[in-house]
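Chains as they are written, first to last, in this note's numbering: chain H, 1 to 200; chain S, 201 to 281; chain P, 282 to 527.
No lab work stands behind these hints, which were simulated from the structure alone. It cannot be assumed that every hint is accurate.
To be verified - Chain P stretches covered by chain H per the calculated footprint, using a threshold of three residues with CB under 8 Å from any CB of chain H:
id	stretch
1	341–354
2	442–448
3	495–509
To be verified - To list a few chain H residues with every Cβ distance to chain P over 12 Å, as calculated:
id	residue
4	4
5	7
6	8
7	28
8	30
9	56
10	86
11	89
12	107
13	127
14	175
Stated by the list, open to error - Partial list, derived from the structure: chain S residues whose beta carbon lies under 10 Å from chain P:
id	residue
15	209
16	210
17	213
18	215
19	220
20	221
21	237
22	269
23	273
24	276
25	277
26	278
27	279
All C-beta atoms in this analysis are idealised placements derived from N, C-alpha and C, irrespective of residue type, glycine included.
One letter stands for each residue in the lines below.
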Amino acid sequence: MSPVSRGFHRRSRPDADPSRVPPGQYVTTDFPVLSAGPTPRTALDTWTFSITSAGTARSWTWPEFRALPPETVTTDIHCVTRWSKLGTTWEGVSLDTLLAQVGYTGRFALAHSDGGYTTNVPVADLTGGRAWVAYSYGGQPLAAEHGGPARLLVPHLYFWKSAKWVRRIELLDHEVPGFWESYGYNNYGDPWREQRYSND
Amino acid sequence: MDPVDGNAIGGLLIDVFGTETTGATLVCATCGSEGPAAQLVVYRQGPGVVARCRACSNLMMVFVRMHGMTCTDVSGVADMR
Amino acid sequence: MAGAALQQRLTWLVATVGEVTDETPRVRTIRLDVPGWPGHRAGQHLEVRLTAEDGYQASREYSIASAPGEPLEITVERLDDGEVSPYLTQEVRAGDLMEVRGPIGGWFVWEPADGGPLMLIAGGSGIVPLRSIVRQRDRTGSGAAARLLYSARTAADVIYAGELRRPADGVAVTYTLTREHPAGWAGRTGRVDAAMLAQVAWPAAVNPLAYVCGPTSFVETVAAGLTGLGYPTRRVKTERFGATGG
């Protein structure tokens with residue numbers, strides 16, 4: 001039995017609206033930088049974003065991508081490392097807009113990023129106004145350390161699913177676990193059901 | 201956030217390998233370079249701990265702790281002595 | 282160096298806080314009474330675990346500030362967004378309980394048999410394990426020549442200032458401040474760079490043994506600088522904190 005350390009307690013933010021904070025999370029006003037590797041630096045003149053599906057591929061250069069209709073998103077984000085950040089603002093292109101330009105099949109998606117990171121998300125969770133490829137945070141171009149030039153943004157799932165430095169979404173007819181999912185993190189990742197690990 | 205080095209995961213390495221490991225020499229399975237575990241490039245702020253080769257940046261070890269266990273992937277290490 | 286002996290898996294030991302000393306406005310040294318503590322080597326860490334009343338636990342590693350054989354001490358710097366360091370630097374007092382395990386680390390260590398001349402380079406709270414090395418050198422009567430280059434933001438941020446003002450015999454201390462240039466300051470100012478190292482560090486010809494500790498970017502710059510002066514890689518030991526200095 002560990003002795004109690006007098007006066008020590010977990011972080012708390014009593015002023016946060018509890019209905020916006022999923023179980024096991026605490027609210028931060030910082031924006032922690034979490035990474036599994038060095039920050040990629042991709043020049044915009046070589047950057048492309050692609051959606052691939054069973055032999056077909058659709059690709060956008062940066063100018064083509066930025067010519068697509070933008071959306072502004074204000075949302076809460078929840079990291080599996082237990083911090084949540086409320087009221088974040090982003091600008092990006094909706095996956096609905098991007099997928100509408102692709103004739104695709106497949107119910108599963110695997111996102112691929114510069115640096116080799118991958119994460120999987122059901123296609124259903126990328127549609128219906130729930131996912132974007134975001135290039136701006138807080139009114140500023142997305143910083144490289146936070147995933148710029150562009151990152152996936154899927155805020156209804158744990159934030160490891162919002163792949164930084166995203167370059168491609170591969171549509172599949174079977175589920176392929178991404179980087180953290182392969183090590184035991186949950187294939188779905190709903191913060192409100194606290195789906196951190198597989199079997200949660 | 202900047203990565204740290206293998207010194208910072210000394211306790212984790214003892215938990216996993218059962219002995220002091222920061223002084224062990226690791227050989228990278230990707231590029232073949234050698235160095236002490238203390239010099240691994242360690243990213244530890246995320247869902248798991250990732251240790252990369254200082255020379256080539258490829259993955260050497262990944263540690264994920266969940267439900268009281270530590271899952272360890274050392275497939276990026278060709279040799280440890 | 283002494284062979285890495287097989288070590289038992291570390292077990293948590295109960296620690297009682299003894300004296301606490303505020304070294305600077307953000308940094309506190311905590312003396313710990315740990316029955317069963319197995320001892321340590323200069324440069325090693327220990328891990329601290331705190332338990333809240335509701336059972337919540339958090340643990341962090343800290344460099345051991347004391348030399349082997351001295352009362353066990355750690356020195357902790359407060360990180361503003363930290364969970365453990367604000368507690369350790371502001372709340373903790375004599376009689377409080379926590380758990381520790383260790384010692385941890387076997388590469389970034391110095392023992393008298395390793396000799397010198399020692400080149401110790403600290404960025405911010407990177408001074409902590411180097412202080413253990415300096416004190417071990419002093420306690421054992423090691424004749425190794427030693428130079429310490431200590432980079433801090435301001436004069437008020439210099440940890441162990443009183444102790445370093447009375448340096449152990451033969452340790453030449455150079456300070457550099459990076460955010461301040463106080464009137465009458467006798468030390469250097471500005472970040473440690475290749476030019477400063479060329480002036481302050483032992484020349485490679487004397488075969489120095491270097492220990493560099495601090496934030497990652499500081500260590501990268503200094504290690505590259507020492508390599509540039511001709512220090513072989515195996516004679517430069519490095520320990521990196523995160524950007525916030527541990």
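Comparing the hints with the structure gives:
{"no.": "1", "hint": "341–354", "verdict": "violated (count 0)"}
{"no.": "2", "hint": "442–448", "verdict": "violated (count 0)"}
{"no.": "3", "hint": "495–509", "verdict": "violated (count 0)"}
{"no.": "4", "hint": "4", "verdict": "violated (5 Å)"}
{"no.": "5", "hint": "7", "verdict": "violated (5 Å)"}
{"no.": "6", "hint": "8", "verdict": "violated (4 Å)"}
{"no.": "7", "hint": "28", "verdict": "violated (7 Å)"}
{"no.": "8", "hint": "30", "verdict": "violated (6 Å)"}
{"no.": "9", "hint": "56", "verdict": "holds (43 Å)"}
{"no.": "10", "hint": "86", "verdict": "holds (16 Å)"}
{"no.": "11", "hint": "89", "verdict": "holds (21 Å)"}
{"no.": "12", "hint": "107", "verdict": "holds (39 Å)"}
{"no.": "13", "hint": "127", "verdict": "holds (36 Å)"}
{"no.": "14", "hint": "175", "verdict": "holds (34 Å)"}
{"no.": "15", "hint": "209", "verdict": "holds (9 Å)"}
{"no.": "16", "hint": "210", "verdict": "holds (4 Å)"}
{"no.": "17", "hint": "213", "verdict": "holds (9 Å)"}
{"no.": "18", "hint": "215", "verdict": "holds (7 Å)"}
{"no.": "19", "hint": "220", "verdict": "holds (4 Å)"}
{"no.": "20", "hint": "221", "verdict": "holds (8 Å)"}
{"no.": "21", "hint": "237", "verdict": "holds (8 Å)"}
{"no.": "22", "hint": "269", "verdict": "violated (14 Å)"}
{"no.": "23", "hint": "273", "verdict": "violated (21 Å)"}
{"no.": "24", "hint": "276", "verdict": "violated (20 Å)"}
{"no.": "25", "hint": "277", "verdict": "violated (16 Å)"}
{"no.": "26", "hint": "278", "verdict": "violated (20 Å)"}
{"no.": "27", "hint": "279", "verdict": "violated (16 Å)"}
Checked against the numbered hints given earlier, this structure breaks hints 1, 2, 3, 4, 5, 6, 7, 8, 22, 23, 24, 25, 26, 27; the rest are met.
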